[in-house]
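Colleague: Single-letter residue listing:
There are 2 protein chains.
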Amino acid sequence: MLIDAYGEEMKVMNYLDVQEEMAKMEGASGVTVRWLISKKDGAKNFFMRRFEIEGWTPYHTHPYEHEVFILSGEGTVVGEGVEHRLSPGVFCWIPADEPHQFKKTGKEKLCILCLIPHTDGR
Amino acid sequence: MLIDAYGEEMKVMNYLDVQEEMAKMEGASGVTVRWLISKKDGAKNFFMRRFEIEGWTPYHTHPYEHEVFILSGEGTVVGEGVEHRLSPGVFCWIPADEPHQFKKTGKEKLCILCLIPHTDGR
Chain A
1 MLIDAYGEEM
11 KVMNYLDVQE
21 EMAKMEGASG
31 VTVRWLISKK
41 DGAKNFFMRR
51 FEIEGWTPYH
61 THPYEHEVFI
71 LSGEGTVVGE
81 GVEHRLSPGV
91 FCWIPADEPH
101 QFKKTGKEKL
111 CILCLIPHTD
121 GR
Chain B
1 MLIDAYGEEM
11 KVMNYLDVQE
21 EMAKMEGASG
31 VTVRWLISKK
41 DGAKNFFMRR
51 FEIEGWTPYH
61 THPYEHEVFI
71 LSGEGTVVGE
81 GVEHRLSPGV
91 FCWIPADEPH
101 QFKKTGKEKL
111 CILCLIPHTD
121 GR
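Top to bottom, those sequences are chains A and B.
Counting in my numbering, the first sequence runs from 1 upward without gaps.
Counting in my numbering, the second sequence runs from 1 upward without gaps.
Do not rely on the hints blindly, as some may be mistaken.
[Claimed, not checked] Calculated lysine-lysine pairs in the DSSO-like style (CA-CA distance at most 27 Å, straight line):
| no. | chain 1 | residue 1 | chain 2 | residue 2 |
| --- | --- | --- | --- | --- |
| 1 | B | K39 | B | K24 |
| 2 | B | K40 | A | K44 |
| 3 | B | K109 | A | K44 |
Think of the hints as simulated: they come from the structure by calculation, not from any bench.
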């Protein structure tokens with residue numbers, strides 16, 4: 001990946017080289033996460049995670065927003081009395097304190113980028 | 001896209017339904033941008049943009065960071081004495097004030113998500 005380096009600071013990696021973890025959300029089924037850009041990289045304002053969803057995330061809420069981009073797979077995002085279909089190229093803005101749930105509906109895993117502000121604390 | 005809605009607030013769209021603009025960066029060649037999530041959506045902390053790069057962005061710097069994910073195409077990101085290859089699945093953390101340039105190197109456009117903190121002012 002690295003062609004040449006002297007005095008570099010930027011970080012450039014393939015997501016596959018980042019440790020995959022089970023997502024620590026109560027009520028999640030078959031959800032893994034890779035923290036791509038977080039505090040340990042020096043990020044202060046917002047963090048980038050990549051999720052693979054074989055089942056669903058819990059229907060839950062928290063006091064910070066999500067900015068999501070669908071990379072692959074098919075699914076839905078459920079909100080308060082609303083459900084939207086998800087496919088590659090779709091993005092979601094989920095305001096703070098808005099209930100939401102992501103579910104896989106196709107054969108392949110639903111793979112998404114999900115970014116959060118630093119207020120999550122990680 | 002919308003299956004059912006009452007009282008919804010979340011925004012769910014395909015990026016293709018967002019206006020594509022020429023990127024307003026001096027020295028850019030063949031770069032378009034779609035602002036997917038920004039202030040007008042209510043985002044306060046950080047903003048999501050999707051760029052299509054037929055040529056290159058300028059080698060430039062600014063006082064805010066980038067968090068980038070490569071969606072399609074091949075390219076490189078150039079930093080201070082460093083160059084990294086880019087392909088789908090690669091992500092980049094570019095700290096504030098770090099010089100950088102994105103270039104297409106393959107046949108297809110280099111398509112990336114590039115997120116910035118609200119300090120950019122848009």
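Colleague: Now tell me if each hint is right for this structure.
Modeller: Outcome of the hint check:
| no. | hint | verdict |
| --- | --- | --- |
| 1 | K39(B) - K24(B) | holds, 18 Å |
| 2 | K40(B) - K44(A) | holds, 23 Å |
| 3 | K109(B) - K44(A) | violated, 31 Å |
The structure does not agree with numbered hint 3 stated previously, though it agrees with all others.
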